[in-house]
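Engineer: Next come the chains, spelled out residue by residue.
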Amino acid sequence: MDGESSNASSPRSAALRPLIDLTTRPTPLNYLREAWRRREFAIVVPAQDLRAQNMDTTLGQFWHLMNPALLVGVYFLIFGVVIDTSRGVDNFLGFLIVGIVLFHLTQRVVQEAAVSITQNLGLIRSIQFPRILLPASSVNGQTAAFIPAIILALLAVLATGERPSMRWLLLPIVLAAQFVFNFGSALISARIGTAVPDLRHILPHLFRLLFYASGVIFSVEAFVHSPGWRRAFALNPIYDLITCARWSLLGHTVDGWVLVGTVAWSLVMPMVGFWVFFRSEQRLGA
Amino acid sequence: MMTASGSVTVEIRDAHVSYRVYEEPAKGLKQGFARGRIRRRYRSIEAIRGVTLNLHEHETLGLIGANGSGKSTLLSAMTGLLPLASGSIRGRSRPSLLGVSSVMRPALSGRRNILIGGLALGFSRSEIEARMDEIIDFAGVREAIDRPMRTYSAGMRARLHFAIATARIPEILLIDEALTVGDEEFRRRAAERMDDVCGAAGSVVLVSHNMSEVERFCDRVAWLDDGLIRAVGEPAEIVEIYVSTSRPNSR
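Heads up: the sequence lines are chains X and U, in that order.
For what it's worth, my numbering labels the leading residue of the first sequence as 7, then goes sequentially.
For what it's worth, my numbering labels the leading residue of the second sequence as 317, then goes sequentially.
Hints are supplied without guarantee of correctness; some may be wrong.
Claimed, not checked - Pair by pair, the computed Cβ-Cβ distance ranges are: (1) X:V278 / U:D330: 21 to 29 Å; (2) X:R206 / U:S442: 43 to 51 Å; (3) X:R57 / U:D499: 21 to 29 Å; (4) X:L215 / U:A423: 29 to 37 Å; (5) U:P422 / X:V266: 54 to 62 Å; (6) X:R206 / U:D542: 48 to 56 Å; (7) X:L71 / U:P464: 27 to 35 Å; (8) X:L71 / U:T496: 30 to 38 Å; (9) U:D512 / X:V202: 29 to 37 Å; (10) U:S528 / X:V278: 34 to 42 Å; (11) X:L35 / U:G471: 49 to 57 Å; (12) U:S360 / X:V269: 23 to 31 Å; (13) X:W281 / U:D542: 57 to 65 Å.
What the hints assert, rightly or not - If you want a taste of the chain X side facing chain U, the calculated C-beta under 8 Å gives, among others: (14) R31; (15) R43; (16) V87; (17) D90.
Simulated from the structure, these hints should not be mistaken for laboratory data.
Glycine is no exception: its CB is placed at the ideal position from the N, C-alpha and C atoms.
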């Protein structure tokens, strides 16, 4: 029929292309490249989801600012006014705000990532795409949603009498470390949350425990005197990140172990997360 | 007629696929502990038991067979979604699989679903905006495009899904019963898209229980029975054998 024209008619000169194995999965590098090529998904989709989130409320998008403001307000009322846990902390309001905002960012990311696969089964089953885009969307969406909260924290810190210093310039680095840590945690959470959907009921309790173990509402330095125990706190990544952020904005002390912890967690977590996720990527939601 | 002259786009060699079928219980921890373990028991079922088949350029291959004969499993294996127990499947590029069932994001409008699906497929936002009208018209859902997709009929969902998945003409297109829910107009358009794929030196695999559809669209038909290929050849011929063997014992 078109035997002789087959070379000319195939613009991609397909006849000469070698066949590739369709049953082996891509190498990690190719997988990441493919995901990166489709990165717009992980930006546009969470942005739209965020916009849709408060459509039915009177205050609408304003809630992205109101929520963290109220959160901080409640904790300040209880721990700053009713029960005083400020014990020797300079600028307790600033201390509280920085801790709560950063803690909740990680909590929201991990909790949303846990259901990112199971809530998108329809999409997974209808279109083939790198599934890492789904937890990546959780990370991007929740991080974007917390930009107002971080600005709020900066304003609050200024309002409580802090003045910008050179240390403030290091805050973006702390936040970047938290971002990559969150990303790794999100991948692990997505992986476990898909295999064991019960995770979404466990996570709130796990985070409540972590909340108290991260010195969000009280100063670990003021309550924990044994150097050994303080060193143990440095094993908690969220405590490390919060402490670094407080150092940057408020000038509170930070010890070497916390710095080591921050660097280690933000290097190790993305790698472990990717490994855990990629290993069973094909089975997630299949 | 279409012979096996075109060069090969997909080459399946002695492919075996096994499924794990989990035994139901999962009645919670109590039973799990009683049995001394929480991990669920499973049996291994061989769904594809040694299939060898080639697809060629410009070819539409029909895949027919009873329910459970392994048609969908074979398609999943071709996309790399299911690992092979042994054998090999090689191809020019990763095939696009089009199934019937899914709704991408039921709560969102058709328009938003087109955007989300398109982004997942690797289109840029501007590319999708540029093709939006074409996709909507192809799917024939213009009057419903701003309604949540959960309000769509099965036919509308399938059409929209088909339109999104083939917005960029794939080189190898696998269609798993995606045409069954459409009306005649949709089938005509779908046939055009399949011709586009074949015209661009690609291949189409069509899984269907509708024999007139198979005879109409396919250049060649393979009959899959219990994980094995029983016969491959001219559509009219294979369909006739298949229908005559399966009709008498329809219980």
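Engineer: Hint numbers the structure violates, sorted upward?
Structural biologist: The structure conflicts with hints 1, 2, 3, 5, 6, 8, 9, 10, 11, 12, 13, 16, 17, although it agrees with all the remaining ones.
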